[in-house]
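K.L.:
With the hints as extra help, turn the sequences into a complete structure.
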Amino acid sequence: AQTVTQSQPEMSVQEAETVTLSCTYDTSESDYYLFWYKQPPSRQMILVIRQEAYKQQNATENRFSVNFQKAAKSFSLKISDSQLGDAAMYFCAYGDAGNMLTFGGGTRLMVKP
Amino acid sequence: EAQVTQNPRYLITVTGKKLTVTCSQNMNHEYMSWYRQDPGLGLRQIYYSMNVEVTDKGDVPEGYKVSRKEKRNFPLILESPSPNQTSLYFCASSEQENQPQHFGDGTRLSIL
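Which chain is which? The protein sequence lines are D and P, in order. Position 81 (the first sequence) corresponds to 81 in my numbering; numbering is contiguous. So the mapping is simple: my numbering equals the position in the second sequence, first residue as 1, plus 1000.
The hints are simulated quantities; they were obtained by calculation from the structure and are not laboratory data. Note that the coordinates shown come from a computational prediction; the quantities given were computed from them, not determined experimentally. Treat the hints with care, since some could be wrong.
Facing chain P, from chain D, some residues (calculated, C-beta under 8 Å) [what the hints assert, rightly or not]:
hint	residue
1	E29
2	R43
3	Q44
4	M45
5	G95
6	F103
7	G105
8	G106
Listed next, with one range per pair, are the computed distances between beta-carbon atoms [what the hints assert, rightly or not]:
hint	chain 1	residue 1	chain 2	residue 2	range
9	P	M1050	D	Q14	28 to 38 Å
10	P	K1017	D	R43	38 to 48 Å
11	P	K1057	D	S74	34 to 44 Å
Quick reminder that beta carbons are idealized off the backbone N, C-alpha and C, glycines included.
P.N.:
Quick look at the structure:
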C-alpha cells in the first residue's frame, strides 16, 4: 500500500513571508497524482493544488506552488506572501489508477501577524 | 450549487445502536468515498465506490458497511458502533478517479 508522510506536525510563518511544507510518498507506480488540501477550522476540505506525475512542470496556483521531485518521491508545498487566512491544517494526498486517495497525517500551519 | 451533503453533522450515540450517515452529491459523479479523520493520522479511507453497485474496501473498513444503489447516494452504515469509531467522517465525490475530490462538511460521531 502507498504511504504518505508529512514530517512536520506544525509549522509557523510570519505574515507576508514564505513557508514550505514537506511531503514524501512511497509508491512503485509511475503514473499517479498528488494533491494538497487545506482544512481551516471550519473543517471543510479545500483543494489547494494538484500535480500529475507525468508532468515535469511544477504546478502553481496563485501564491501556492509545489516542488515535485519524482525521483525523490517528494512533493512540497510553498506558500508565498503568507496571509492570516492561510492558517489551517494542510494535507498531502496521493492517488493512482484504481484507488482513491491516501493522505498524510497533516501539518498545522500557524500564521503570525 | 455543486455540493456533497452529509447528514447528520453531529451525532452522539451509544455502543451497539445502529446508525447511518447519509451522503448525497448533485454533480453526477462516478466516484464516491468515505474517510475518517483522527488526530495525527490524517484521513483514512473506509470504503469507496467507482459506480453504482460497485464498492471496495479502503484502508479501514472493519465495522462499516456501505451501499451504492443510486449514483448520487452513498450511505455509511455502522451496524454495531463501538467507541473506537468515534471520529470525524467525510464523504467525497469526484468525476473520475484521481480527479480532485469534492468533500462534504463532515460528520462528528461520538460513540459512548
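K.L.:
With reference to the structure, classify each hint as holding or not holding.
P.N.:
The hints, checked one at a time:
1. E29: Result: violated, 11 Å to nearest chain P Cβ.
2. R43: With a minimum Cβ separation of about 5 Å from chain P (threshold 8 Å), the hint on D/R43 holds.
3. Q44: 6 Å, holds
4. M45: 4 Å, holds
5. G95: 4 Å, holds
6. F103: 4 Å, holds
7. G105: 5 Å, holds
8. G106: 5 Å, holds
9. P/M1050 x D/Q14: 28 to 38 Å: 44 Å, violated
10. P/K1017 x D/R43: 38 to 48 Å: 25 Å, violated
11. P/K1057 x D/S74: 34 to 44 Å: 29 Å, violated
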